[in-house]
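Chains as they are written, first to last, in this note's numbering: chain Y, 1 to 82; chain W, 1 to 82; chain A, 1 to 223; chain H, 1 to 747.
Because the hints were derived from the structure by calculation, they are not lab data.
Don't be surprised by glycine CBs; every beta carbon is placed ideally from N, CA and C.
Certain hints may be false.
Examples of chain A residues lying across from chain H (beta carbon under 10 Å, computed) [as the list claims (entries may be wrong)]:
(1) Leu12
(2) Gly48
(3) Cys111
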Amino acid sequence: MARVVVDVMLKPEILDPQGKAVAQALPRLGFDGIAAVRQGKRFELELDGDVTEERLTQIRHAAETLLSNPVIEDYTVHVEHA
Amino acid sequence: MARVVVDVMLKPEILDPQGKAVAQALPRLGFDGIAAVRQGKRFELELDGDVTEERLTQIRHAAETLLSNPVIEDYTVHVEHA
Amino acid sequence: MRVGVVTFPGSLDDADARRAVSLAGGEPVALWHADADLHGVDAVVLPGGFSYGDYLRCGAIARFAPVMSEVLAAAEGGLPVLGICNGFQVLCESHLLPGALIRNDHRKFNCVDQELVVENTATPWTSAYSSGQHIVVPLKNGEGGYVADEDTLDRLEGEGRVVARYVGENPNGSYRSIAGIANERGNVVGLMPHPEHAVEELTGPTTDGLGFFVSVLEAAVSA
Amino acid sequence: MTETVKAAEATPDVEQPYRELGLKDDEYARIREILGRRPTSCELAMYSVMWSEHCSYKSSKVHLRQFGEKSPQTDAMLVGIGENAGVVDVGQGWAVTFKVESHNHPSYVEPYQGAATGVGGIVRDIMSMGARPVAVMDPLRFGPADAEDTRRVLPGVVAGVGGYGNCLGLPNVGGEVVFDPSYAGNPLVNALCVGVMRHEQIKLAHASGTGNLVVLFGAATGGDGIGGVSVLASETFEDSGPAKRPSVQVGDPFMEKVLIECCLELFDADLVVGIQDLGGAGLSCATSELASNGDGGMRVWLDRVPLRDASLRPEEILMSESQERMCAVVEPAKLDAFLAICEKWDVLATVVGEVDGTGRLTVEWHGETVVDVPPRTVAHEGPVYERPYARPSWQDALQADEPSRLPRPATGDELRATLLDLVGSPNLCDKGWVTDQYDRYVLGNTVLAQPEDAGVIRVDDETGLGVAVATDGNGRYAKLDPYAGAQLALSEAYRNVAVTGARPLAVTDCLNFGSPEDPAVMWQFAEATRGLADACLELGVPVTGGNVSFYNQTGETPIHPTPVVGVLGVVEDVRRRVPMGFTTPGEVVLLLGETREELGGSEWAHHVHGHLGGLPPRVDLAAEKALAALMAAATGLVSAAHDVSDGGLGQALTEMVLRRGVGVAVALDDVADDPFVALFAESVARVVVAVPADRVAELDDLAATHGVPVVRLGTTGGAALAVAGLFDVPLDELRAAHQGTLPALFG
Ligand SMILES: Nc1ncnc2c1ncn2[C@@H]1O[C@H](COP(=O)(O)OP(=O)(O)O)[C@@H](O)[C@H]1O
Ligand SMILES: [Mg+2]
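Construct all of the structure, not just a fragment, from the sequences and the given hints.
Listed below in structure tokens is the structure:
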């Protein structure tokens, strides 16, 4: 079975309260040298059957319409193991 | 500047309502052949300075204690670009 | 009898918890997250809310607050500790209680008047109830689904450490309809529903919640 | 390069992109005249955003004036229109501030964040008055309930209102959920906040006291909501400028919660002279308004503003709408104490300016002056338009299209079927699917919340002093007659507050309309404001503040004119509040007020026939006043009271029996000749009450003294809604019909 991963992150210019919270917590716990943290979503899609170009197009479309809002988020799609 | 990514996913045996909801929504929007969806978190850590083995150990520790809850989640750490 | 109520950044029900303590006849003491000192209180409440916004995981960051190291130590020593909602999540993240709380199975925040059955009345927080007593108190959260592995769940049931269970339809997908649990010793209790919102005829669905705060006063007296 | 004032003086003829920034030729000319030179790019940015419709109210000003001119005589008003929110005296040294605002367009683009930041914005307005926010409400309007896009917008909006409000720890005690095709593609997301303070704690947005410091605190500044000005930030006006800035913002409710607690501690320690929230137009608005209201001038060191995005240009910093920021004026001697409290709450705080005696607002960027303007010309002396308006040609035909021609149910079975159909219709059904996503318990002072007629909040534990708030608005009524429609919105909210036993005191309003450039829309707006002002005068409740939202339309088609009105009332002792549900079997049920054959714009015509025509119910403010006086006198006598509005008597009885599961048996003969009219007409000034059998005479006497007609309907009890000679509906069947709709649509 093939797995396609869709990562969705807030656009760089958009405030990311979640990442901010983590970035502020890390030093308090003694983890230093981390300049910035962004927190996003990771979707793991298990396909039955294998990954075709056409299905990837489908998934990209889903990423754009359902899994992310292009107004505030960017997404990337990659095949993890075909 | 180097980027280390920490992916955190719910353990397989833990119910994932969000992933389930996505899995159910996809067919309704005409995306078929997707057997299962899991939704997790993606953390992008920007380090100032470069990635050393010692800092990776540090980050794995942060992933284990702060970024994930081992009771319900698994995590993976990988360097995206050093 | 002095009951401490911790305020983390983002705590919301701390004032309500303090009011509940007063109505039960106790003296509420406000504790500050950054102050590693329990000021000699006889019991501690970790109130509901969204500590640090709950952006990472509910309770994940609050757990590291300076005051929590004191709470942990005191809890080991038998101090009665009640975690309500976000407080329950903090206790789980701190491993004072087993398991974890995840997103409601219906994925919505929901605020309802919830019927519960109190199953363990041996804890300092539940002695005022009779075993098997049904009560109605508000339940309000987005991440109230209690989860733990089968062995843990069996152990909790076996040792009678399920303090309260949801009655009727499971409101959030909690395993075995668990609404609240206790540690081995019984002094540390975590509860998803909000007894502090059911302490006055005027503002609550019932006054069924007062028992938790009355119980701990009695416990302290008899202790 | 950012232009200095010197550079602008030296190069008078440089072409400036004022049109791209939405300024008209004459407006640009006026800026040049005010300054005696061409504006710098920073000044142009400031004027363009502050003179926009949203900030300057240039199209609505001439009409809104009536709210002041016709304001009723009342000593309750402590702070009136013009400040961030109005403040009223509720007695015992307590003051209450409240205001409703819109966040319609962002909520369509990004429903969750749009709605969330809408709540965040109105809460900061309330904080800026010196108050502790104590409750929120959310009047919402969407396209058809079964439309695909509504499935995208509604759940996101509701989750956003809840996600932000719940995280702030503010109980949500009421609102509206309305569906109508006219809102498809343009949902209305209005948000109301109520705040409480002692009289002496009232704060104003005034920068006074030369030498006092201007402190910016809260979130760092990013490129949020500044799309337009990027053209200014580019090196030259030719090239396209930096990466497109986002027009939608992401809220940080945790930051705002901390900001609330921080502000309250600052207020208690008496460390602020004046305070202002940062909302639309960000720093441009905050600094110019503070300075304009002040007694001196203000100098701002813009380069000291902490940035989230280092690439921001000064023009962008001036207009960034980054959320969760406040601006305070602080005496130098108190600065350390101020910063210490911010530190305690982990709130970033920076001195960015000072009050000076120049009477001008100057902004410096790394030592160079980039803005030098008279603050009033930016904040308060913007353009004012007398927009042309005209009664639309179709208005007569619309009003002539009476609902009387529509086929009506007659037999008991038909009436029963119609009732079940209506109580399950999207506009009349139970809103629990929405409201259960909101925390109504937090703070422990919620005495009544949805689905009650009004939210009631305890203000003082000792004395039981409290306030009641309700919001209403009916776009269909306003479409049929905007003057009456606005008055009907007021009279329903007024009634909803009164039935709980509260004394109505003050009004806030959110006027949601189409494009002011369309004379028909402008006529609707003129009529609605005139109607509202007249009715406020007659009911003796002043408008203390509100908000105007124009350009609500899809293509050329405007939404129904939708004035949303919020009324605030005082409850002397919340222990005497009157709930809406029947509680005790065997009590006598009475209908107060007169029922006429009024079905224009009714839910029945809308839902059953998709019809909108005729005239809305007749406004009767005298009757509303008498009814309110009666309800105030009858607390302690009536055990339940519920106003009759959308859906008529059938809907009111349904809500009353389902609330606590106590049924009722009624007869309609004395209500109206036609039982259909009795059940579904929407005549105003009506309330259903329940009274212990042995005290009916007392109520009759009270009603007589207040001149309110009383009709005996029947008796509480049983497990059904029983209508003599017509039909019975078991409560379970009624509940299933009323509660099943939204879950079926939205999961
Ligand atoms: N979006 C909302 N948020 C909170 N409460 C709401 C919302 N929509 C409706 N309600 C509540 O549901 C109840 C019924 O709404 P509605 O029929 O509009 O009341 P009314 O007809 O008395 O104005 C009221 O208590 C109202 O405050
Ligand atoms: Mg009502």
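Consistency of the hints with the structure:
Checking A/Leu12 against chain H: minimum C-beta separation of about 3 Å stays under 10 Å; hint holds. For A/Gly48, the suggested interface contact is upheld, since its CB lies about 8 Å from the closest CB of chain H, less than 10 Å. Below 10 Å, beta-carbon pairs count as interface contacts, and A/Cys111 has one with chain H at about 5 Å; its hint therefore holds.
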